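**Q** Residues per chain are reported as follows:
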Amino acid sequence: MIKIKKGTSFLYLGLIFLFLYAPILVLIVLSFNNSMSRTVWGGFTIQWYLNLPSNDTIMDALWTTLRITLSSSILATLLGTTAAIGIHRMKKRHVAIMLGATNIPLLNADIVTGISLMLLFTRFTSLGELSVVLAHIAFSVPYVIFNVLPKLQSMSDACYEAAMDLGATPAYAFYKVIWPEIFPGVLSGFLMALTMSLDDFTITYFTKGAGVNTLSTMLYTELRKGIQPELYALSTLLFLLAFIMLIATNFKGLNKKEAARV
Amino acid sequence: MINRIRTSFIATPYAIWVLICTILPLFYILGYAITTAEGDFTIQNLIAIADPVHLKSLWLSIQVALITTVVCLILAYPVALILHNLKITNKGFIVFLFILPMWMNFMLRILAWQNILSNNGILNNILSAIGLPTIHILYTKSAVILGMVYDFLPYMILPIYNSLSKINDDIIEAAADLGSSWINTFFKITLPLSRDGILSGVIMVFVPALSSFVVSNLLGGGKVLLIGNVIEQEFTLARNWNLGSGLSIILMLFVLASMSIMNKLDDSENGGMLI
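Chains as they are written, first to last, in this note's numbering: chain D, -13 to 248; chain V, 272 to 546.
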């Protein structure tokens, strides 16, 4: 295809990845910094990692974050997958309406989504952890739908119908025919929902009740007091967890491909 | 056919969900926008955008968002092209490389840019060590734009990469066989065929850039007041929800306007799927 010199293109790619990963490197270094200051290097230490479990503010925020992230991404995956299957079976005109509505949270500014949900919630219920979960489902469902729907569109309906003609119950036919096809889409949709929820600040900020803090909102409110270095340690651990997951899933993928080649 | 209609009912919970959590909130924000705190009808909250302070921050937001989008596009297109040419079979891996940074807290990553950009920060230490002049951009518009480019670049790279991988390589080879230079092939084939990806990328970057308030807070040091900051302050500090809603509606109108311009440019029939 288009010829760009190999060396130049790798250099460029390297610079872009340096740009994207530079702040992460800084934070990892800070997690080992033996100084409360963000700007002074005070020598190597692992004390922030050791202090982490006994830091109640951070641990509380971590558990809140995990509860919100896991419950919202699991529920969003359920809701989004059933929605995608249903939308796939709809008439064309209805599909356009549903997809248009699904695009709204993706296209709308986060701040508007957050505020509009807050206005709705304050009317019917009080703001708390539940309102944050509902808000997170609202903005992450579209990611699930748009990951699952292409998988449904690229498979043939004939297999499912054949299974039904041969006497399979709808549930059995779904499990044996459709599920294996859409599973990669469901998984990547779930992972995107998980990541978006974990990384969200704006929508959480507007829909959370007093006393409920995720890591992001806690950080924002405590910014003036200075950042507790244990946060760097926690973030480094979370990042490593994701990194290991990435490596593991890719090795699994590679092994499968090699096995297929043999 | 009966089966088809029956199966589509499985989307009913989602349809209800959309009505309550997507459509209804928009009516609520509109409701607040066109009323006073006492509940009387008014358009004051909407025309408040004409207030010089608000107008100035809206204009600044548009500038910042436009520059961010253009810089992202210029940086992202070569990345997408190079990644595409690497012919990596595992596309999920590429996607993950770009969303992996999101596992490190967003706000911490932006704060790390303070460390990198500050006057005696990491970047300036490196620059002075190799004898180059230092730069002083922290708490300026440039730092805010840099932070936004950093934050939104993946949203530009991924859709372009996706659209490139949908191009049939035979067309490119045919062009080469027929004697087209690569520059010609790029402008005549690759670029037009990746237009959908570019348009999605532009929307995915422009909209959040237009409305962000965190990056400008952290890297602008309170000196760069975007429309998002104004709206946030109306809700948190001034506690004037009606005015905040009015300005949000104006912001939404700008988002809608920019998207309809984009849609004019886009004649594809993809049913409007963004990602």
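Since the hints were derived computationally from the structure, they do not count as laboratory data.
The model shown is predicted, which means the values in this text are computed figures rather than measured ones.
Wrong hints could be hidden among the right ones.
Claimed, not checked - The list that follows gives simulated cross-link-like pairs (lysine-lysine, DSS-like), each with its CA atoms no further than 30 Å apart:
1) LYS162/D to LYS494/V
2) LYS77/D to LYS162/D
3) LYS137/D to LYS78/D
4) LYS535/V to LYS459/V
5) LYS362/V to LYS(-8)/D
6) LYS459/V to LYS78/D
Claimed, not checked - A partial selection of chain D residues facing chain V, derived with a Cβ cut-off under 10 Å:
7) LEU38
8) ASN41
9) LYS137
Quick reminder that beta carbons are idealized off the backbone N, C-alpha and C, glycines included.
**Q** Next step is simple, just say for each hint if it's right about the structure.
**A** Each hint, compared with the structure:
1. LYS162/D to LYS494/V: 59 Å, violated
2. LYS77/D to LYS162/D: At roughly 25 Å apart (the allowed maximum being 30 Å), LYS162/D and LYS77/D satisfy the hint.
3. LYS137/D to LYS78/D: Satisfied, since the Cα-Cα distance of roughly 17 Å is no more than 30 Å.
4. LYS535/V to LYS459/V: 21 Å, holds
5. LYS362/V to LYS(-8)/D: 20 Å, holds
6. LYS459/V to LYS78/D: 33 Å, violated
7. LEU38: Hint violated; LEU38/D Cβ to chain V Cβ min 14 Å, cut 10 Å.
8. ASN41: 15 Å, violated
9. LYS137: 13 Å, violated
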